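4 protein chains.
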Amino acid sequence: MAEKIKKIALLTGGGDCPGLNAVIRAVTRTAILNCGYEVIGYKFGYRGLYNNDFIPLTLETVSGILSKGGTILYSSNKDNLFDYQILENGKMVRKDVSDVAVENLKKEGVDVLVVIGGDGTLTSARDFSRKGVKVIGVPKTIDNDLASTDVTFGFNTAIDVATEALDRLHTTAESHHRIMICEVMGRNAGWIALESGIAGSADVILLPEIPYDINKIVEKIEQRKSEGKLFTIIVVAEGAKSKDGDVVVSKIVKDSPDPIRLGGIGNKLADDLERLIKDHEVRCTVLGHIQRGGTTSTFDRILSTRYGVAAVELINEGKFGQMVCLKGDKISSDSLENVIGQKTKQVSPKGELVMIAKKIGTSFGD
Amino acid sequence: MAEKIKKIALLTGGGDCPGLNAVIRAVTRTAILNCGYEVIGYKFGYRGLYNNDFIPLTLETVSGILSKGGTILYSSNKDNLFDYQILENGKMVRKDVSDVAVENLKKEGVDVLVVIGGDGTLTSARDFSRKGVKVIGVPKTIDNDLASTDVTFGFNTAIDVATEALDRLHTTAESHHRIMICEVMGRNAGWIALESGIAGSADVILLPEIPYDINKIVEKIEQRKSEGKLFTIIVVAEGAKSKDGDVVVSKIVKDSPDPIRLGGIGNKLADDLERLIKDHEVRCTVLGHIQRGGTTSTFDRILSTRYGVAAVELINEGKFGQMVCLKGDKISSDSLENVIGQKTKQVSPKGELVMIAKKIGTSFGD
Amino acid sequence: MAEKIKKIALLTGGGDCPGLNAVIRAVTRTAILNCGYEVIGYKFGYRGLYNNDFIPLTLETVSGILSKGGTILYSSNKDNLFDYQILENGKMVRKDVSDVAVENLKKEGVDVLVVIGGDGTLTSARDFSRKGVKVIGVPKTIDNDLASTDVTFGFNTAIDVATEALDRLHTTAESHHRIMICEVMGRNAGWIALESGIAGSADVILLPEIPYDINKIVEKIEQRKSEGKLFTIIVVAEGAKSKDGDVVVSKIVKDSPDPIRLGGIGNKLADDLERLIKDHEVRCTVLGHIQRGGTTSTFDRILSTRYGVAAVELINEGKFGQMVCLKGDKISSDSLENVIGQKTKQVSPKGELVMIAKKIGTSFGD
Amino acid sequence: MAEKIKKIALLTGGGDCPGLNAVIRAVTRTAILNCGYEVIGYKFGYRGLYNNDFIPLTLETVSGILSKGGTILYSSNKDNLFDYQILENGKMVRKDVSDVAVENLKKEGVDVLVVIGGDGTLTSARDFSRKGVKVIGVPKTIDNDLASTDVTFGFNTAIDVATEALDRLHTTAESHHRIMICEVMGRNAGWIALESGIAGSADVILLPEIPYDINKIVEKIEQRKSEGKLFTIIVVAEGAKSKDGDVVVSKIVKDSPDPIRLGGIGNKLADDLERLIKDHEVRCTVLGHIQRGGTTSTFDRILSTRYGVAAVELINEGKFGQMVCLKGDKISSDSLENVIGQKTKQVSPKGELVMIAKKIGTSFGD
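Chains as they are written, first to last, in the UniProt record's numbering: chain A, 1 to 366; chain B, 1 to 366; chain C, 1 to 366; chain D, 1 to 366.
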């Protein structure tokens, strides 16, 4: 079966993530050097597949990209070809244009499509697989919240960036007896906050999975004060919430000609703590997209390379409709039918890392 | 005169700044190894001087602190002993307690007081000098806006941090065709935004000194689009403002039981641009205190060490009431009487660095 | 059983390794905050145990050390109390002084000894266990070559340093069409060379486990030249050797009044290649101890913290004579009797990572 | 005069240096965006000029290179077209081929040649200027030893790398009571050793300009021991030498079928100290080319950009035969006739930085 493969195509979908280029490079080099495949890359995710917008991927095109963040194929966030927004007779309508994509693949003689993306992107990959397209999936999520694989690339780079920020905040917090809040990524899963909090020696870690009680945080600050520690470092996932169910709106439009972007949970927490604690200044840093970009970490370069080589091996073994994954420290694979729709992997409030953090004295505000 | 000196004291005031510890170390080592002085350090700036709260500074105490951000002497922001808030007969009152400080210096046998701080801290230093205290000043401002010295320590570390953040934002902006805004420090002077903007290859740099026209920024983004560049990087100083005189309030209290902390100029700009430009996502990162903390840069370690050694030399030469400064690349000094009250050094809209940035195509929104 | 524990002691032995301080901190904090144990630390490994030279370990002593390389307890390389070199009657003799150590532990009321170290240090730990001392082991090897645990702390930091060096060498190699050799640690096992080579995009990786043929390296360089790549990056483990069995002596003493320290395998290889390839300059960098020191990586801080907490849990469970280890991504433990004497874990020439590197085009000189 | 300029060419010569690409980018962008010049770049320095081997430099070609080490134009080390080695009638001969270069410039319609390079490269630039070619020079030396300019780009990046290495060596030295030697670049001038030594808190700094006495180093180590500091950090410039005039040969060929590359002054010093001091291990790291490569520092990116823009301004002002330079913190220029042949700028044994280092206790072995 595999011996008939002549040409493969790659695309990247969803938010960018350090390691995407390393996967593209590993797939391309392995396919060319070992199997003699021709390789092309569709630009802007599925949108490029619809528009037949692609570039050839050669040893030359993938040279020097191993450590570079982002994706040389660009990405788009919301394009689902099974429910795609297009202009028809002067009106925007949504329709299933997946047949156009299948047609484009045939026209270009693409035998296998390698899709690198998160849940949404891989759902489409499964749907293309159901339509008979030979598809291989590579999982991507900077939040590390995919149930089907133990570790995803990009996560290590993100916690490196967050930990370095916490290191920096420590010295300035200590000098001024400040409460420093650092808001990190993690809308539904708090892995980045949890691991960077442990590595960056945070005193308080707030996660979406463990609703916090603001009074417990105040207690922790007071307890530290009583031990002579006049500063406190708090790392908070963007999706963390209080037990009272406070909602942090991201826009105020009501009664305002000029909608205002708010600072998110980190800034809300800063306000709350400033009201409750009199003699400390509270400061908030929102790391935002610097967690996604820049030089890919050593760990993520290796993991991405393993994923990329494994994707080509799945092709060679004819295991289409599968996704590469990591189980323990072994590369493995699973069918897209199985992995799609699985619940995301959240931090367990009784899991090992939370318990470890608690044992060394970290508060989760619970 | 200088031969009578036996004991000197150090204090750090105002916001912390990478390099403070390097100055403390250089003063201490030079004073002990070359002059046989005893050295002590008052804690929490002038507050420690008032409370006679100090630690001995020895070769041991200053060991290993050269590269460490913050200050081992701690700092406080607002304490002016000439107008100090104290509790008297159950009421908080403000009064001049500077005599207490002078008395404490005498009691401890301190011959010279070395004060490391910004404008406010050095104003008090001058006032103590007028009262007959032998004072040496060392200038500190992370914003690099002191008129009396060409470069101040901490500034290089701050632009390193901001530039690294811009580097990271580039890869993610490029992958998604986003407009990325990075808000950096600089309330009255835009040096950090200007230099990190040049070093980090920002397309738009917004400074307090050059009010911006939002339409010019939109034009720049459109022009880039027409050249095939679908992303734009904007660095904005926290004190930047538009020509329309928009005020970014930092709190909304009106009609709200729960005051809300806003995201500052960066987030306001993000909102404005999202309204004006339809097909780009706009994202904002607020670097905040990570610009102040962490490992001190090589450049700042050397500059701080030069300042510290020079401060002891001023003592040995009996040049009291003076402040060390850097002119071109030479260490020099100036009298505190001269330097206090000078206007801060702002970016000139026609200065070399702005003109250079414009020549390589950077927009200042003007 | 565990409830009788009141006091525990720590020591670090062998070469230092990023993460040692993180283990010391995690053990100390967990023991104090959760169990109420008193904690002390012997200085200079077993030598301190013999001399009864220790410091108390408190929340204060371990504050701020999480990210710091080295060990606050110091280490010594060669001290085996079961065969210890001491001065007796004016002569240096070797004898078993382990009873002195046992006596010291009793005298200080130490209930459990936590030993952090490599093969040699843990062998002594087992021997103390045989003498009835309650011992817990924590494995340490920067080379990642312990058979009994999947990953050891320090290794990730070492490959980060090596990878960053390779990144730097790339730009300069490319500009000048040079052959750049980077010699990294790894006397018996080539893990650091292998992983940093993959992450740092080395063209050639040379390991102790895969003897190289110099002609194959020359072939690789020529092949790259024919593809228009005029530079080559080689990473070589210090223990790599050629198929011809060349021995690289580290000292020439013969016929020399002035022994000369040679540059090791990296420099030898540079000489060999310069003779064989005419039109390329060859340059060698020997990373040496910068791979061991400095700020501990995020990954290693978390792993060390997990090890430290797990060590205290073994104490609480009364599992003495055990060593903590990592299996897959789970913390586990094994008896010291089992782990001592196991062959070190070497790179398998047919293992996953070697095969991956080969598939993306890396040469191992075989 | 300047209005007639239509096309300019760039070339880079000599050893590579962080900042070269930033200069190329600044020249290209300024020339295209402000003056409408066409820009080309000769490859491999003067060799490309001889072979008429060039690429167009456009906004696209220079996109993304600001922070990248190396040079996109490549460089060559030894090519002097006034005394060039070529094959003629089957024999290698040296002859003046500069007329070929002048002819090529004419043929391509190049009006001005911008030469970025060190002493050798700029000497040729002057010689082309004498032949009537319109030349602008940009000085480059990572050693910072050009007399005609106060600071050169690349130097700050090099001391950053060296300082980070010293930071790393500190933790491991401290844990083991070792003497750690770090050999850095600087054959004739010790600026890198001096500044990284101050920033990296070296106990001993050895420079070409201050011959050392090995006994003074031993004294320093013993003095530290007596103060309880059992480790010592030594930074040594590759061109440092002892007062005894020891010569460190880089090859032993005598009596050897297999010449051996030695480790340089750092390794020699390690041997000498191990013989003289019994109870310390001595370890040496040779940083080599990692000091030249990788990401360009913030400081160097700004300086290079200033140089590049200034070079185009010299063209616009018709100031040919000039070289841009930095005096204090101002960009200026000087004629190539003046600057060529000036003695290199060495560290003065009585200069400010040496005196500062001595005052904080650093030994120079003198």
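If you're looking for bench data, these hints aren't it; they were derived computationally from the structure. No experiment lies behind these values; they were computed from the predicted model shown. Check before you lean on any hint, since a few could be wrong.
All copies of an identical chain are treated as equivalent in the list; a pair is satisfied when it fits inside any one copy or across any two copies.
[To be verified] Cut-off 20 Å, straight-line C-alpha distance, at most; resulting in silico cross-link-like pairs (SDA-like, lysine to any residue):
(1) Lys327 - Asp150
(2) Lys241 - Ser332
(3) Lys78 - His280
(4) Lys278 - Gln346
(5) Lys278 - Gln85
Does the structure break any of the earlier hints, and which numbers would those be?
2, 4
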